[in-house]
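Residue numbers (my numbering), protein chains in the order written: chain A, 15 to 707; chain B, 572 to 1081; chain C, 10 to 297; chain D, 255 to 568.
Treat the hints as calculated values from the structure; they're not laboratory data. Owing to the predicted nature of the structure, the values given are computational and were not obtained by experimental measurement. Each residue gets a CB set at the ideal place from its N, CA and C atoms; glycine is no exception. Please note that a few of the clues may not be correct.
[What the hints assert, rightly or not] Covered, in the sense of this in silico footprint (three residues per stretch, anywhere, with C-beta under 8 Å from a C-beta of chain D), are these stretches of chain A: (1) 97-107; (2) 119-126; (3) 150-163.
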Amino acid sequence: MTERNHHPLLEIKDLDVAYRIRGSVRRVLRGVSLRVESGSILGVVGESGSGKTTLALAILRYLPKEGFIQAGEIWFDEHPIHALPLEQMRTIWGKEIAFVPQDPSSSLNPSIKIGEQVAEMLHLHPDDARARVIQLFKTVQLADPEHVANSYPHQLSGGMQQRVLIAMALNLKPKLLVLDEPTSNLDTTTQAAVLKLICDLIRDRGMAAIYVTHNLRLVRQVCDRVAILYAGELLEEGPTQQIFDQPNHPYTRGLLDSIPRLGENKSHMRLRSLEGRIPLSGEPTLGCNYRSRCHLSIEICEQHPALFELSGSRVSRCHRWDEIDRGEIDNRKSSAESIPILRTSKKRLPILGIEDIRVDFPLQRTFEEFIGRKQPRKVQAVGGVKFEILKGQTLGLVGESGSGKTTLARVIVGLQDTAGGTMRFLSSALPSRLNGRSMETLRQLQMVFQNTDEALNPYQTVEEILRRPLQRMLGKNRTAAKRDVLFLLDSVQLSAEYAKRLPSQLSGGERQRVAIARAFASHPTLLIADEPVSSLDASVQAAVLNLLNDMQEKDGTAALFISHDLAVVGYLADVIAVIYRGQLMEVAEAHELFKPPYHPYTEALLSAIPKIEYKNGHAKIQLKGEIPSPLEKLEGCPFHTRCPHRLGEICDQEQPPWRTLASGKRYFCHIDEDGLQKLSQDNYFRDYAELKE
Amino acid sequence: MRDRLISRSTLTLGVFLITGSLLVGACATDSQEAPQGVLRVAMQPMVQTDPAFISSDSEILFANHVYDYLVDVDPKNNIVPRLATAWEISEDGLTYTFTLAEGVAFHDGTPFTAADVAWTFNRLRDDAIDAPTADLYDNILAVEAEGDLEVVFTLSALNPFFLFDLSDNHALILKAGTEDAATNFNGTGPFKVVNYSPEDRVELMANEDYFIAGQPKLSGVEIIFFNDDEASVDALRSGQIDLVMRMSASLFISLQDESDIVSIDIPTNGFDLIRLRSDRPPGDDPRIIQAMKLATDRQEIFELVQQGYGAEGRDSPIGPLYDEYYNEEYQIPERDVNAARALLADAGYPDGIELELHTPDTGGRPDLAAVLKDQWAEAGISIEIFVEPESIYYGENGWLEVNLGITGWGSRPVPQFYLDVMLECGAKWNESHFCDDEFDELSRIAGSTLNESDRIQAYKAIQELLIQRGPVIIPYYFAQFAGIHEQFQGFELKAFAGRTDFRNVSISSP
Amino acid sequence: MIRVALGAASTSTRRLKIIIAALFQRPSSSVGVIIVILFAFLSIFGPALAPYGPNEQIAADARQSPSIKHWFGTDQLGRDVFSRVILGAREVLSLAGLGTLVAVFFGSFIGMLSGYFGGFLDEVIMRLFDSLLALPAMLLALLLLGTLGPSPGGLLIVISVVYTPIVARVVRSVVLRTKTKAFVDAARLQGESLGNILFREIFPSTLPVLAVEASLRFSYAIFLVSSLGFLGVGVQPPSPDWGLMVKESRAFVTQMPWAMYFPAGAIAVVVIGVNLAADGLRKALQDD
Amino acid sequence: MLRYVLRRLGFLVLTLILTSMIIFAMTQLLPGDTARVILGREAGEGALEALREELGLNDPLPLQYGNWLIHFFTGDWGVSFSTRSAILPLLMGRLRNSLMLTVVILFMSIPFAILLGLSAGLREGKLLDNLISVGSLSVVGLPEFVSGLVLIQIFAFGLGWFPANSSIRIGSSFLEALPMLILPALTATLVLLAYVARLTRAGVIEELKQPYVRTADLKGLPRRTVILKHVLRNALTPTITVIAISFGWMISGLIVVENVFNYPGLGRMLLFAIERRDLPLLQGVTMLTVVGFALANLAADLIYATLTPRIRLS
């Protein structure tokens, strides 16, 4: 190995990247300087619009055709990437720098076999190439590599596709790997496995990597150094541990603080949210980009801050870095907000009870089914779910994609027909069809939807969106409703001028506020919130969660809060239900869920979530394979195919019993309390509890 | 004498065009007599192929070359021999005896005899066949073969035009006992059918055993079907067709510049007429048709639609070609729009009248309609034009049904035909439903007297009567046009294009 | 970009202004829009502008080549080609436009219902439409015209019948996409009536696609009307329908090419103009 | 795949049945008395009635439809009223002509169209792309009779390269017919060329946006491999299916072209049948069209499925 002390593998100097859009030029990256040493992993973190993906593409010299490098240099291994002719980049791509994309399913050519897509990079005899491909597939731990090589992309699961893409990236032994959110489209449990694989491979081969993500938890576990991007600028950069433990820039601090810790609950503290919105990329600014949201902002912040060097090879773009570094001022937001919300947990009445709810989705009928010679096939989306929600209580429902959690939400609000089961709401039977429900029931039962882009009609103004429920469900006249819209806007901390705007003029967070206002317009008794923050940026999530909580408190509204993110659910819920393949696995009080004994699936989920508090390495529990397709009918316990504690045939054949513990935790498993207690490897609640001290 | 003069297709627009490029058969050492060259003629597609039912130019042209008539009519309307070489008329005018040509054979090789003639004419009279021209022969008592080469017709009443009746378009001699005359083309004619692709073309080849020596001179004729005249003229121009006999005057003019195309026009007795039904409102008030006549500028129509070819019309079917019968003594009133308006007002239409005018889509008829619309509008007669495919308009009897319509009538050797079928009360094709005792009487006299001057008198009175109160406006008598490629000789266009004879047409050696 | 701008426009008039501005941003679509406006103008004010009547025959002037008196010359009947072309604009555009409107009206109505309710009704309608679309448009038009007779009313029905299924399918696909969106669910949870859900919530989303589709249909309707005129089964003489004029003057192309090429050119210009404008509209509304 | 094929076949049959009903219904509604059309205007009422009885015109409509359908599928398409000849052989001759014309059109247009579309798509927004886009946009909506007449003026009357009229002899060989096929084919080609070029362009632009292209590029593959192997393959999928469909469409959809050039194909036959109110012929032509169209659709589906593993394998 040649020593290259003074030349890092990758060096970016004062990089400006701009887009040319209809004649105007928008700078989306300004003055970014970074270095990546061989064998190290740099995390690039930013919210949407921060320019992190543009940075990744600029390093690859693969900007969209509107994009160009306006100024600055990118040096890779003595190649001036910024100045190379494009054709020459082809000798670097794949061989020197490889890329692992975000969306595995669309990143593979749908009409070419997997093996061929990997083999075409190798200029080898087909047989040799094939052997090499198989070997590579073994390296990325693909089960049955021969089969995978002969498959088309759509025949593989997301996790397998991502492994294939990783294999491709490693194929020609590049020196640098650029990873763009490589696991963000995967389920929690799959993500853990892929992440481990990536890290192991990078370490084993001594490659350097740039890991672009919005997920701070991952960065903490994976990266040696971390760079924080905000509105196209580097705000802070340095060794991961130092930055996570002692963030200097108020934005970094705010971002870290706004993320709920695993096990943290609203009853302990209010989330420290970041107010305001992220500036649009390319918006020209004079002073510090962050000053409008910064609680430490002073006069000098009107001027553009330089990148200040801190000790320990760190940089921060804050005028007040020094004061913060010396501890003279606290870059944490006012501690007043961290006062825990005290909640009384009296015995309350149930308002919603669902019993044995089942939902089937019919499949397209074959000819034989069409003429009635065969029973139509169907997929069970929800199979016999039972729970109840008490007045004012928040039930958190956690599950991975396809677990049936959204279906369940739609059943409750009446948007989805059931195949069986009963529901009671406010002590009367709740008809499953929306048509069968009275206006009063509609008023009492409202929903906040997941996708903020689709939740609001793009052709209606905010006023119209908020006015309709007031007129419709509360019977207000137009004038009264118009006036009340302003109150509603105020209650979600939006000014009156928003009334005239269209959804496309709002940021994601603002749209979700409007959606929340709409749901609360009728003062519902029960709110169904389906992943209300998952499409939002990290810095906005906390504010929306707080808002949701406040609104609930004000009206005493109960909620069913659905999320794939156990930390978020753990924060907001009083009781948590875990769902897997359409069946509940466990129902427990929020704090009890994080304490052993754990249901094997819950434990796997808990283990798969990277910690943000400290580096603890990779998830201890790595589940085999992926969630079986809903088309596959499983007898016995739905989790038996992946369960690390599978007892034997009993799990495959018999439905497990529901067991209830003294703590009130109910779980669905053949293993009894003692057994689980012994098997539980860790105490995730303890982590949190210790941290609090 | 009724014959179907109207062809379902365009009646009498003619045209001759010719192009030179021919499929030349084996030439090498042929003597001069050996037929050579193929004439490619553009025609509208055939519908009927049974001679008893044919009516369009293409059908008649086809039949005229596959079969023979007993007697034929030359371009100057004289009766000439064909299968009959000679004939005798008895003193009383009721018995006709024909002597037939010798050595004539049908295409299938069987000899032609007098029995075939008798059978053919009996077939045309047969109620079971229900041939459209049966009436033509209803005064025949008997048709009998006298030996192989003589045939005798006995009549029940005098018929001054009997020989013309025998040369009627449909009177093509079939083999006695022919079962399916529509598909079994067994004639004695100068050409044999090689191939008939409906809607595409029919191919004929010379009948080497034709009974007239030296005929035909061509080795073949191809009748290629075209749905519209413009396309056939295009084809003529570009040399894909040698002869076109079907075109409007405007199209004909467009051919004048072509150097290798001989354009021919001859006057005919054919005409287009505008008729208003006189049996129901508003036509039952004669003032309406009078107003229309006064509103019509015949000369402008003649100039615009016929481009000056043919002759200006006089509202009577007895045209200038019928030399001795045609009479210009009685003046047609001058065009007078105000008088027309006044007549309309008298008839109860002070604000003008609105009518639908139906016209077939062929020839210059849509143009005629357009010009009428413009002329009549000035007199407060506003018309909406409906152009209908000719085959439908005639095929479905719309032409007999509509109130106001344009009809084309083909050229006939004698004028009596028009009077008999078109204007006599109750006549089969009396499309205007005209009923006038005086007219009927005059027509009866003209159609039965053997005295020529009586007939001339009657025709003169009829022309006067029709100008005064006839149900039709005849704005012009048209010309028959043809365009033929200059390489062809011996082509003689007939007023009824379908009767044009290719037996003497030949191609000049390149 | 336009989408962003559109989003920023709060009133429909402002949106319209933005769309119009976008149309004029590309040279090709501005040309198209100008052509469309010009012909729309002609079809409204044609009678006032045309120096002669559509069927006014000046025998003395027949077959004249273009001159000061007759800009586009005269035809075989002495009619002024320029006047006929101008007056034909109304003939063609009103028929095509009205037919398109009817097709858009029924198409969007059926498409909305079919897409929203789905199920058996949807299946039946779509199969029926598939079957109609299995016939080439021209064939269907000829069959229908044969049945209805050649009249403007018949043509109107033909255009509607030929294009309703196409519009319905386009609208239906948008409805299928839109009806699963959360804002529709939200409206249902507010107890909105069916009419409100269909027309207040879903219908606006179909508008961009519908506008583009309507403009495309309009262009094809012009195509269809003039082709049928050319075949002689459409508008009847002596109407100054451009297709009919081409048919009528085709024979004289060597003598009076102007009589054929001016109406043919008018068809070409209008169709190209509408296509360019439609393409511009599509680009303005659907992407960028 | 088998299931997919069966499914498509099922749809095909269903569409055919529905379409046949539409055609039958429409032809029944055509004005005019069939018997009168056959016998002509002079026929007597007795003969007319006898013919109606013979043709089954007095039967209830569903029965007539049933008989007609059965005859259709057993190859007994009846006799044309107006030409008195058996319809099936008549139409087969026309079908052959239409196929010849269609093949020439496809050969003239497709390779060129794909080349144009690809060139435009790869240079999206550049001058060449704009030229091709505006050019194709201009041509695509032009009625065939306008372009056809212009082409005749230029190539037949002006340059004299090709005949203005394409009334080929029935049964003439392809080579004999070829010179007469060029102009009608060119006319139809303009439209198809523009359409396919636009489609290809859109496909290429769409595919170029797909992340897998980035993957292929960043694998270090040569640009040519990326375009030809990765992009074009997927970009052409819709194009190829459209070509298959237009193949079915052109067989009798070239009504205007065939009439401009007097080409004896199915399209002209169709107009002929309508003008003559020749119901059996009309039904035959339209059904042949529909069958052709349905088969072309099936072919398109199958090609699509073959080119798209996701469909083929699920």
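Can the region 97-107 of chain A be counted as covered by chain D under the rule of three residues or more with Cβ-Cβ separation shorter than 8 Å? Holds, because 5 residues of the region 97-107 of chain A bring their Cβ atoms closer than 8 Å to Cβ atoms of chain D.
Coverage claim, chain D over the region 119-126 of chain A, checked by counting residues with Cβ within 8 Å (three needed): Held - the region 119-126 of chain A has 7 residues with a Cβ nearer than 8 Å to chain D, which meets the minimum of three.
Would you check chain D against the region 150-163 of chain A, counting CB to CB pairs closer than 8 Å, and say if three or more residues qualify? Our answer is that it is violated, as 0 residues pass the Cβ test (under 8 Å) against chain D, missing three.
Going through the hint list in order, the structure does not satisfy hint 3, though it satisfies all others.
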